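Assembly of the complex is requested from the two constituent chains, each provided in isolation within its own frame, with the hints serving as guidance.
Protein chains in written order, with numbering that gives the first Met the number 0: chain X, 0 to 376; chain Z, 0 to 397.
If you're looking for bench data, these hints aren't it; they were derived computationally from the structure.
None of the values given here were measured: they were computed from a predicted structure.
A couple of the hints might just be wrong.
[Claimed, not checked] Calculated lysine to any residue pairs in the SDA-like style (CA-CA distance at most 20 Å, straight line):
hint	chain 1	residue 1	chain 2	residue 2
1	Z	K266	X	A127
2	Z	K392	X	L278
3	Z	K369	X	G203
4	Z	K387	X	A271
5	Z	K180	X	Q276
6	Z	K392	X	Q276
7	X	K369	Z	A293
8	Z	K52	Z	L113
9	X	K30	Z	I345
10	Z	K140	X	R265
11	X	K369	Z	L113
12	Z	K179	X	G269
13	Z	K387	X	G203
[Claimed, not checked] Cβ-Cβ distance ranges computed for the label pairs, FRET-style:
hint	chain 1	residue 1	chain 2	residue 2	range
14	X	R196	Z	D190	53 to 59 Å
15	Z	K237	X	S14	54 to 60 Å
16	Z	K262	X	D36	35 to 41 Å
17	X	D376	Z	K262	34 to 40 Å
18	X	K263	Z	D146	38 to 44 Å
19	Z	P24	X	R17	58 to 64 Å
20	X	E26	Z	D40	31 to 37 Å
21	Z	S258	X	G111	50 to 56 Å
22	Z	E324	X	S5	43 to 49 Å
23	X	K27	Z	K262	42 to 48 Å
[Said to hold, decoys possible] Looking from chain Z toward chain X, a few residues come up when the C-beta cut is under 10 Å (computed):
hint	residue
24	T203
25	V210
26	H214
27	A265
28	M342
29	S368
Each residue gets a CB set at the ideal place from its N, CA and C atoms; glycine is no exception.
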Amino acid sequence: MDFSLSEEQILLQDSVVRFVQDEYEFEKRRKIISSEDGFSRDNWKTFAELGWLAMPFPEEMGGIDGTPVETMVLMESIGKGLIVEPYLATVVLAGGLIKEAGSPAQQEELIGGIVDGSTMMAFAYAEAQGRYNLADLVTTASQQGDGWVLKGSKCVVLGGPSADKLVVSARTSGDQMDSNGISLFIVDANASGVSRRNYTTVDGNQASDITFNNVSLANSDLLGAEGNALPIIEKIIDEATAAVCAEAVGAMEVTYQASVEYAKTREQFGVAIGQFQVLQHRMVEMFMETEQTKSLLYLAIMKLAEGADDAAKTVSALKAKVGTAGRFVGQQAIQIHGGMGMTDEMSVGHYFKRLTMINTLFGSVDHHMKRFAQLSD
Amino acid sequence: MDLSFSAEELAFRDEVRRFFKEEYPKDLLEKRSKGQVLSKDDIVRSQKALAAKGWAAMNWPVEHGGTGWTATQRYIYEEEAAAVDLQPLVPFGLSMVAPVIYTFGNDEQKKRFLPDILESNVWWCQGYSEPGAGSDLASLKTKAVRDDDHYVVTGTKTWTTLAQHADWIFCLVRTDGSGKKQEGISFLLIDMKSPGISVRPIITIDGGHEVNETHFEEVRVPAENLIGEEGKGWTYAKVLLTHERTGIAAVARSKRSLSKIKKFAAKQMNGGLPLLEDETFRRRISEIEIELMALEMTDLRTLAAVSLGGAPGPESSILKIKGTEIQQALTELAMEVSGYYAMPFIPESLEPGWNGDPIGPEEAVGTASKYFNMRKTSIYGGSNEIQKNIISKAVLRL
Ligand SMILES: Cc1cc2nc3c(=O)[nH]c(=O)nc-3n(C[C@H](O)[C@H](O)[C@H](O)COP(=O)(O)OP(=O)(O)OC[C@H]3O[C@@H](n4cnc5c(N)ncnc54)[C@H](O)[C@@H]3O)c2cc1C
Numbered sequence: 000m001d002f003s004l005s006e007e008q009i010l011l012q013d014s015v016v017r018f019v020q021d022e023y024e025f026e027k028r029r030k031i032i033s034s035e036d037g038f039s040r041d042n043w044k045t046f047a048e049l050g051w052l053a054m055p056f057p058e059e060m061g062g063i064d065g066t067p068v069e070t071m072v073l074m075e076s077i078g079k080g081l082i083v084e085p086y087l088a089t090v091v092l093a094g095g096l097i098k099e100a101g102s103p104a105q106q107e108e109l110i111g112g113i114v115d116g117s118t119m120m121a122f123a124y125a126e127a128q129g130r131y132n133l134a135d136l137v138t139t140a141s142q143q144g145d146g147w148v149l150k151g152s153k154c155v156v157l158g159g160p161s162a163d164k165l166v167v168s169a170r171t172s173g174d175q176m177d178s179n180g181i182s183l184f185i186v187d188a189n190a191s192g193v194s195r196r197n198y199t200t201v202d203g204n205q206a207s208d209i210t211f212n213n214v215s216l217a218n219s220d221l222l223g224a225e226g227n228a229l230p231i232i233e234k235i236i237d238e239a240t241a242a243v244c245a246e247a248v249g250a251m252e253v254t255y256q257a258s259v260e261y262a263k264t265r266e267q268f269g270v271a272i273g274q275f276q277v278l279q280h281r282m283v284e285m286f287m288e289t290e291q292t293k294s295l296l297y298l299a300i301m302k303l304a305e306g307a308d309d310a311a312k313t314v315s316a317l318k319a320k321v322g323t324a325g326r327f328v329g330q331q332a333i334q335i336h337g338g339m340g341m342t343d344e345m346s347v348g349h350y351f352k353r354l355t356m357i358n359t360l361f362g363s364v365d366h367h368m369k370r371f372a373q374l375s376d
Numbered sequence: 000m001d002l003s004f005s006a007e008e009l010a011f012r013d014e015v016r017r018f019f020k021e022e023y024p025k026d027l028l029e030k031r032s033k034g035q036v037l038s039k040d041d042i043v044r045s046q047k048a049l050a051a052k053g054w055a056a057m058n059w060p061v062e063h064g065g066t067g068w069t070a071t072q073r074y075i076y077e078e079e080a081a082a083v084d085l086q087p088l089v090p091f092g093l094s095m096v097a098p099v100i101y102t103f104g105n106d107e108q109k110k111r112f113l114p115d116i117l118e119s120n121v122w123w124c125q126g127y128s129e130p131g132a133g134s135d136l137a138s139l140k141t142k143a144v145r146d147d148d149h150y151v152v153t154g155t156k157t158w159t160t161l162a163q164h165a166d167w168i169f170c171l172v173r174t175d176g177s178g179k180k181q182e183g184i185s186f187l188l189i190d191m192k193s194p195g196i197s198v199r200p201i202i203t204i205d206g207g208h209e210v211n212e213t214h215f216e217e218v219r220v221p222a223e224n225l226i227g228e229e230g231k232g233w234t235y236a237k238v239l240l241t242h243e244r245t246g247i248a249a250v251a252r253s254k255r256s257l258s259k260i261k262k263f264a265a266k267q268m269n270g271g272l273p274l275l276e277d278e279t280f281r282r283r284i285s286e287i288e289i290e291l292m293a294l295e296m297t298d299l300r301t302l303a304a305v306s307l308g309g310a311p312g313p314e315s316s317i318l319k320i321k322g323t324e325i326q327q328a329l330t331e332l333a334m335e336v337s338g339y340y341a342m343p344f345i346p347e348s349l350e351p352g353w354n355g356d357p358i359g360p361e362e363a364v365g366t367a368s369k370y371f372n373m374r375k376t377s378i379y380g381g382s383n384e385i386q387k388n389i390i391s392k393a394v395l396r397l
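One chain only, chain Z, in its complex shape (with noise of 0.2 Å):
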C-alpha cells in the first residue's frame, strides 16, 4: 500500500496545471469563478479545447482517441480540474453513447459517429426514460416499427437533460413485445432534427430548465441506425451503465465545495464570530469531511481494481449513493451558511453570462436553487433506493 505519486504521475499533474494556466480559455473560467452558467457555446467551447488536447475522452480505448490514462492519472486530472472548477463535461456523448457505439456498434457507425462525439461537433442526448417507465426502465414503450428501412418510432421520452441543445438522442426503443419486457428492445440513434419529434420543456423546481419530455410521433429512423442487434438494447444499455460508475462519486467536486464552503463561512459573522470558528457549525463541516474522506479512499479502491483488469462491480453502487449523499450535504451546508440570504430568488442569475447585483454575498446567490436543484441526484441514474436494492441483491445476496 502507498498512496504517494511516481515522478512520472507529479510531472502529468505539472502538465494538467499548465494546460488549465495557459491553454484553455481563461474567459470560461473566470465565468465559473464568478458563478455564472455557461452558454450551450461555451459549454462546447471548453469541450473542444480540451478534445484538441487529447483530454475530452477519459475512459475511451486510445485507438479511438481516448487517453490511456492509469486510474491515478484519472485522479489526479480530475482534482486539478476541480481545483479550477472546470465546466464538467456534457456525458451524454462522451461518456454514454460512445462506449455503446464503440462496443457495439459496426465500422461504419464508429466512423460516422465517434470523431463528432471527440470533437462536440454534434450534441447527444438520452432518451430512456419515459413517463411510465423510470426505475423500472424495461418497461418502456416508446415503438419503433420496421418499415422496409426504416423504424418508425412513436411514443414519449421525458427528464431527457438539455434535448433542447441536442442534435441526436440515442434511445431505448420497444422492437418487440411479445416476450419478457428486457427482450424486445433496441437501442437507437435518431437525428433530433426528424420529423415529427417535438421537444417541450420541464421547469424543475429550482426555476432552471435542464430537462424536457421529448415526444416521437411516427418518426422514420434510417434502420442503419441502430447499434448491434435487434433486441439487444437493454443488454447493451446494462453493460453501459455498469462500466460507466467513473466520476460518479463526484469526490474531488465536492472537496472543492467543501473548501469554498469553509472560505465562505469564515466571512460569515455569527454572534461576533466567524461561523467557520462556531463548534456547531464546525461539527457539521467535520462530519461531512469524515464521509468524504472515506468516500475518496472507497473510490481509489474500485478505481485500483478495475485498473487491475476487474469490472466494477456491483460495490460501485456505493459510490453512487454516498457520492450522491454528500454532494447534496454540502448543498445543505451551504444554505447554513448563507443564513438569510439563501431566501432571495434572483431568476436572472441562472442564466448564461448574469453578471448582475448580488443581493447579499455573492457566494450566497443560488445556494437555495441549487440544494433544490441536487435533490435529483439521488433520483436519477438509477435511484439511491435502487441502487440498494442492488448492493443487497448482488452483494450480500439477500
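With the rest of the complex left out, here is chain X (with noise of 0.2 Å):
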C-alpha cells in the first residue's frame, strides 16, 4: 500500500496550483465568468499546452496515458481555484466516452481536437423526468435511410454553450426504463435541428437546455455499438463523480481552512470568534468531515484505476460522502464568518455555491445513498 503521489504527479499539482495564483485570483476568475464565453479561451490553450488536456487519453490517441489518480489531483486543484472551464465536460465526460467507445477514426479526430484544444464537447445525458437515472431516456433516434432521426431533449447540459460537438444518450429501442436499448450519438452542436438555451449556473459555471428537433445523424455519428450503451455511460459517469468529488474536496479544504483562519483574526466581545468553544468544534467537525471525504475519494480513485468490481459501488459511497459533508462545510464557513459570509465579495460563499452544485450534479445523497445500498451485498 502506497497513499503518495509519485514525482510526476506532484509536479502536476504544482504546476496546476502555480496556475490558480497566477492566473485565477479572484478578481481575475469573476471578470471570466462574467465574459461572453463565461470561461476563459486562454485559459484553455494554456491546458492544453500543459497536457492538461491530454492527461487521460492513452499515448496512441495523442494522450499522456494519465490514471484517475493524474484527474484527482488535477480536479482537486480545480476544486481549490474554483476554475470554470469546462474541464470536466470536455475532457472527462465526453473525451471520457469516446475513449472507452469511439472507433479508431472518432478518437483520432474528437480525441485529436480535445488534445490540442481545438474541439470543445459537452455531454447530454440528463432528462427532466429522468432525474438521475442515467437509463431513463424518452430521447429517441430511430432508424432512417442509412442513418438515424434523433429526437428529444436535455437539461442542464454542462459545458453545453461553449460545446462545438456534443455526446448524446438517447433510446434506440425498448421502453423508457430498459437497461438496453441505449445507444450514444456525435452530434454537431450546429447541426439543424439542435436548439440550445445556454445559461450560466448559480456557480458560475455555463450550461444548456438543448432540444433535437429531428436531428439527421449519419451512421458513422453512432459511438459505439447500437443499444449497448448503458455500461459505458455508467462507467463514465462513475469516473466523472469522482473527479468532481476530487473537486469538492479541494473547495472543502479551502472552504474550512478559510473559516479557521477567519475565526483567528475576527473579533468579538473582546477575543478572536476562533476563541468559542462552540466554533472551535464546529471546526474540528469540518476538519474532520474534509478528512474523512478525502479517505473515501482515495479509495474510490483507487478502486477505478484498478478497475475493481466494486468501483462504482464506492465511487457512491463516496459521492453520497461528498453530498453531506460538502453541505456541512459550506453551510458552516457562512456562519461562522456571519454577514460577511452572506456577501459575493468573499470568496468563501462561492466555494459554498460550487459545494451545493457539486452535491445535486450526478445524483444527490438520497440517490447516491441508495445506488450504494443497491450494490452492497
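What follows is the structure, given as C-alpha cells:
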C-alpha cells in the first residue's frame, strides 16, 4: 500500500497550484465568469499547452496516459481555484466516452481535437423526467435510411454553450426505463434541428438545455455499439463523479481553512471568535469531515484505477459523503463568517455554492445512498 | 387544554379570508403566486391596504392604532396570510422602531412618527450593526457628538437591510465612550436625506441586493430625534428585542412552503414514480414536518403565556433557532425536488415583476438563490449561537 503521489504527479499538482495562483486570483475569476463565453479561451489554450487536456488519454490517441489519480490531482486543484473552464465536460465526460467507445476514426478526430484544444465537447445525458437515472430516457434515435433521426431534449448540459460537438444518449429500442436499447451519438452542436438555451449556473459555470428536433445523423455518428451504451455511460459517469468529488475535496479544504483563518482574526466580545469553544468544535468537525471525505476519495480513485468490481459502489459512497460533508462544511463556513459569509464579495460563499451544485451533479445524497445500498451485499 | 376555535374566532377567520379575497389588491397576490419579487411601490401598496383595514400593526397597543388581537387571532391571521402568500411586512418601521417610539418616545415624537409608520408613508431601516460590532453589538463605535441642539454623527453602519429604499433610519450610536460599553449608547432617529449619509450596496451570495453599508460623515441630527434619555439606548433596544419575538418562528409560512414543496414533488418524477412517493424523500419531508408540528405548539404555548400577561422569556430563543432551522431545511428540500433544475441561474428573476420563461419547472426557478439567501436567518437577529448562549445562561443557568 502506498498513498503517496509520484514525482510526476507532484509536478502536475504544482503546475495547477501555480496556475491557480497566477491566473485565477478571485477578481480575475469574476471577470472570466462575466465575460461573453463565461470562461477563458486563453486559459483553455494554456490547459492544452500544459498537457492537461491530454491527461486521461492513451499515448496512441495523442494523450499522456494518465490514470484516475492524475485526474484527481488536477481536479482537486481545480476545486481549490474554483476553475470554471469546462474541463469536466470536455475531457472527463465526452473525452472519456470517446476513449471508451469510439472507433479509431472518431478517436483520432475528436480526441485529437480535445487534446490540442481545438474541440470543445459536452455530454448530454440528463432528462427532466429521469432525474439522476441514466437509463430513464425519452429521447429517441430512430433508424432512417442509412442514418438516424434524433428527437428529444436534455437538461442542464454542462459545458453546453461552448461545445462544438455533443455526445448524446438516446433510446434506440426498448421502453423508457430499460437498461438495454440505449445508444450514444456524436452530434454537431450547430447541426440543424439542435437548439440550445444557454445560461450560467448558480455557481458560475455554463450549461444549456438542448432540444433535438429531428436531427439527422449518419451511421458513423453512432458512438460504440447500438443499444449497449448503458454500462459505458455508467462507467464514465462514475469516473466523472469521482473527478467532481476530488474537486469538492479541494473546495472543502479551502473552505474550512478559510473559516479557521477568519475565526482567528475576527474579534467580538474582545476576543477572536475562534476562542469560542462551540466554534472550535464546529471547525474541528469541518476538518474531520474533509479528512473522511478525502479518505473515501482515495479509496474510490484507487478502485477505479484498478478497475475493481466494487468501484461503482465506492463511488456512490464517496458521492453521498461529498453531499453531506460538503453541505456541512459549506453551511458552517457561512455561519462562522457571519454576515461577511453572505456577501458575494468574499470567496467563501462561492465555494459554498460550488459545493452545493456538486451535491446535485450526478445525483444527490439520496440517490447515491440508494445506489450504494443496491450495490452492497 | 383545548385546541378548538370559538364561534367568534371562526367568524374572525372568515373575515380575514374575505378581506384577502375581496379587498386586498388582487394583482399583488397574483404576482406573489407567480413567484415574482415585489417592487418597492408594490410592497408599500400592500402595507397600505392592510393599514386601511386596521391590520398593519398587530402588536401595537390599540390606542396607537394596533389591532388588539388575542394570541389566537394573531395565529389565525398568520395562517390566512400565509395561505395567500401575503408579502411579509417590512419589519423595521411597524415592528421594530414603532414599539420603541410608543414605549420610550415623548408625545411629540409619537405624534410625529407613529401615524406615518402605521400608514407606511415612511420607509424605515435599522442601523444597529457595524463592521466591528455584530454579535457584540454593544461595542458599536458610530459616535454622536452633541453640538448645541444637534448631534453630529460619524461612523459606519452595515448590513442595513433595504436602506436603498429608506426614508429614515433608527440607529444605536455612541454618545459616551467613557464607561461600560453598554452605557453611553443612545437611540437616534435619522432622516436618510441628511447631508453626509451615503449608502453602498452589498450584493449577497444569491445575487440579490438587500443589504447595504451606510456611512455617516458628520451628519447633523436634531437633538429632538433622540429617543428617551441619552445613554439609555441599549436598554431600549433590549426591551424591544425580547418583546419582538412574535412571528419569528415563521410557522405559518413554513407550513405553506412545506405544502408547496409536496405539490412540486408530486409533479417531479424519479424512477418512473412521482418523487413524493419515494420513501427516502417522504421520510425527509416527515422529519421536517414533525419538527414543524412541534414548533407550532411551542410557538402557541409561548403566545398563550404572553397573552396571560407573562413577558416572552428567553425561551423564545427556541422559536428563533428552530424556526430558522426549519426554514433552511425547507429550502434544501426544494433544491432536492428541483434536481438538476436547481442549477440554472436567471439573474432577471430576482428583479421585480420578472415574467420570463423559466428554465425547467417554474417551481424550480430561484430555489438555489432562496437556499443561499436563507442562510442569513441563522446569522441575523442574534445568531443561533448567540441564542443558544442566551438559553444556556438564562434558562439553564449554566
Ligand atoms: C442578510 C442580513 C441582513 C441584516 N440586516 C440588518 C439590518 O437591517 N440592520 C442591522 O443592524 N443589522 C443587520 N444584520 C446584521 C446581523 O444582525 C449581524 O450579521 C449579526 O448580528 C452577526 O454579526 P456579524 O455578521 O458581525 O457576525 P459575528 O458577530 O462576527 O459572528 C461570526 C460568527 O461567530 C459567532 N459568534 C459570535 N460571538 C459568539 C459567542 N459569544 N459564542 C459563540 N459564537 C459566537 C456567530 O454566531 C457567528 O457564527 C443583517 C445581517 C444579514 C446577514
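Status of the hints after comparison with the structure:
1. K266/Z with A127/X: 11 Å, holds
2. K392/Z with L278/X: Cα-Cα ~18 Å, so holds.
3. K369/Z with G203/X: 16 Å, holds
4. K387/Z with A271/X: 19 Å, holds
5. K180/Z with Q276/X: 24 Å, violated
6. K392/Z with Q276/X: 15 Å, holds
7. K369/X with A293/Z: 29 Å, violated
8. K52/Z with L113/Z: 17 Å, holds
9. K30/X with I345/Z: Judged against 20 Å, a Cα distance of about 18 Å means the pair holds.
10. K140/Z with R265/X: Roughly 16 Å between the alpha carbons, so the hint for K140/Z and R265/X holds.
11. K369/X with L113/Z: The hint is violated at about 58 Å.
12. K179/Z with G269/X: Roughly 13 Å between the alpha carbons, so the hint for K179/Z and G269/X holds.
13. K387/Z with G203/X: Status violated; Cα separation ~35 Å.
14. R196/X with D190/Z: 53 to 59 Å: Violated, since R196/X and D190/Z (Cβ atoms, about 47 Å apart) do not stay within the stated range.
15. K237/Z with S14/X: 54 to 60 Å: Between K237/Z and S14/X, where Cβ atoms are some 57 Å apart, the hint holds.
16. K262/Z with D36/X: 35 to 41 Å: Because 38 Å falls inside the window, the suggested range holds.
17. D376/X with K262/Z: 34 to 40 Å: For K262/Z against D376/X, whose Cβ atoms are near 39 Å apart, the range 34 to 40 Å holds.
18. K263/X with D146/Z: 38 to 44 Å: Roughly 40 Å apart at Cβ, these two residues keep to the hinted range, so it holds.
19. P24/Z with R17/X: 58 to 64 Å: 59 Å, holds
20. E26/X with D40/Z: 31 to 37 Å: 36 Å, holds
21. S258/Z with G111/X: 50 to 56 Å: Cβ of S258/Z to Cβ of G111/X: about 55 Å, so the range 50 to 56 Å holds.
22. E324/Z with S5/X: 43 to 49 Å: 46 Å, holds
23. K27/X with K262/Z: 42 to 48 Å: Since K27/X and K262/Z have Cβ atoms about 43 Å apart, the given range 42 to 48 Å holds.
24. T203: The hint holds - T203/Z has a Cβ within 10 Å of chain X, the shortest such distance being about 5 Å.
25. V210: 8 Å, holds
26. H214: 17 Å, violated
27. A265: 14 Å, violated
28. M342: OK, holds: M342/Z within 10 Å of chain X, min 4 Å.
29. S368: With a closest approach of 7 Å, the S368/Z hint holds.
Figure legend: structure checked against the earlier numbered hints; hints not met, in rising order: 5, 7, 11, 13, 14, 26 and 27.
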